[in-house]
Amino acid sequence: MQDLSLHDAIFSTRAMRHLKSDPVPREDLEYLVEAATMAPSAGNLQMWKFIVVTSPEQRQKLASLHQEIGYQYIHEEILADPNTEADRRRVYTKAMHNVEHLDEAPAIIIICLTMPCPDDAGVASGMFGSVYPAAQNLLLAARSRGLGGVIITLGTDYAPILPVENPPIGEILNIPDHIKTVAMIPIGYPKGNWGQPWRRPWQECIHWERHSG
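Numbering (the numbering used here), first residue to last: 1211 to 1423.
Hints are computed from structural coordinates only; laboratory data are not their basis. Ideal Cβ placement from N, Cα and C applies to all residues, glycine included. Treat the hints with caution; some may be incorrect.
[To be verified] DSBU-like, lysine-lysine: derived pairs with alpha carbons at most 35 Å apart:
hint: 1; residue 1: K1390; residue 2: K1304
hint: 2; residue 1: K1401; residue 2: K1259
hint: 3; residue 1: K1230; residue 2: K1401
hint: 4; residue 1: K1259; residue 2: K1390
hint: 5; residue 1: K1304; residue 2: K1271
hint: 6; residue 1: K1259; residue 2: K1230
hint: 7; residue 1: K1401; residue 2: K1390
hint: 8; residue 1: K1271; residue 2: K1390
[Claimed, not checked] The calculated label-pair distances, taken between Cβ atoms and stated as ranges, are:
hint: 9; residue 1: H1217; residue 2: E1381; range: 22 to 30 Å
hint: 10; residue 1: P1377; residue 2: S1422; range: 46 to 54 Å
hint: 11; residue 1: A1225; residue 2: R1420; range: 30 to 38 Å
hint: 12; residue 1: D1387; residue 2: L1216; range: 36 to 44 Å
hint: 13; residue 1: N1384; residue 2: V1301; range: 45 to 53 Å
hint: 14; residue 1: H1311; residue 2: R1410; range: 41 to 49 Å
hint: 15; residue 1: S1265; residue 2: A1290; range: 28 to 36 Å
hint: 16; residue 1: P1378; residue 2: N1254; range: 36 to 44 Å
hint: 17; residue 1: S1422; residue 2: E1375; range: 47 to 55 Å
hint: 18; residue 1: E1240; residue 2: Q1346; range: 14 to 22 Å
hint: 19; residue 1: E1414; residue 2: R1300; range: 34 to 42 Å
hint: 20; residue 1: I1371; residue 2: R1236; range: 30 to 38 Å
hint: 21; residue 1: G1423; residue 2: K1259; range: 22 to 30 Å
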């Protein structure tokens, strides 16, 4: 475990897509899930489950599904569109690395929502809002162990639905119908360096007492 302050962990945890294939110790993966479950959730309902995938066969199945969907959605609909804005093109060009190399990650953690998401947008937002703090906890815990990852939603149950030949993620992972996948996080030792991610200046995001501008 690296001796990181909370400040350093927050300010240096960024999307790490280029991962080494070296295996991650089981106890480290268990620690990431434990840290994830320490996140807050609405009503303390803890509406989550975590599926840790390390076998090459299962990782390849997930990668094949993600690749099929990724080429349809990212490559054909976004990158191939000449009207796609430069910033969006840059982001999705990076995302294509995961589309093409997901199977190289030594572990993939799938976060699931254990209650069906209702049609009511307000209730649904609360349910999703109760799951993603766990994802951030997981990534911060990974950073403390020298591990990197990135949140992927493409191919999960609430992502854009596209026709595919590969079996859906629920079938691959034997997930009951009432449990839905919301995020997929490849985990591994990063090939690149840690560093503060690019973000808009915080001064552009803060307002006092009421919204202004």
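To see whether the hints hold, each was checked on the structure:
1. K1390 with K1304: 26 Å, holds
2. K1401 with K1259: 29 Å, holds
3. K1230 with K1401: 6 Å, holds
4. K1259 with K1390: 10 Å, holds
5. K1304 with K1271: Holds: K1304 and K1271 sit about 22 Å apart, inside 35 Å.
6. K1259 with K1230: 26 Å, holds
7. K1401 with K1390: 31 Å, holds
8. K1271 with K1390: Between K1271 and K1390 the Cα gap is close to 18 Å, so the pair holds against 35 Å.
9. H1217 with E1381: 22 to 30 Å: 43 Å, violated
10. P1377 with S1422: 46 to 54 Å: Given range 46 to 54 Å: holds, Cβ gap about 51 Å.
11. A1225 with R1420: 30 to 38 Å: 33 Å, holds
12. D1387 with L1216: 36 to 44 Å: Cβ of D1387 to Cβ of L1216: about 39 Å, so the range 36 to 44 Å holds.
13. N1384 with V1301: 45 to 53 Å: This hint is violated: roughly 33 Å between Cβ atoms.
14. H1311 with R1410: 41 to 49 Å: The hinted range 41 to 49 Å is violated for H1311 and R1410, with Cβ atoms some 29 Å apart.
15. S1265 with A1290: 28 to 36 Å: Holds - the Cβ-Cβ distance for S1265 and A1290, about 34 Å, lies within 28 to 36 Å.
16. P1378 with N1254: 36 to 44 Å: With Cβ atoms ~31 Å apart, the hint is violated.
17. S1422 with E1375: 47 to 55 Å: About 51 Å separates the Cβ atoms of S1422 and E1375, which means 47 to 55 Å holds.
18. E1240 with Q1346: 14 to 22 Å: At 18 Å between Cβs, range holds.
19. E1414 with R1300: 34 to 42 Å: 20 Å, violated
20. I1371 with R1236: 30 to 38 Å: 34 Å, holds
21. G1423 with K1259: 22 to 30 Å: Distance hint for G1423, K1259 is violated at roughly 42 Å.
In this structure, the earlier hints numbered 9, 13, 14, 16, 19 and 21 are contradicted, and the remaining ones agree with it.
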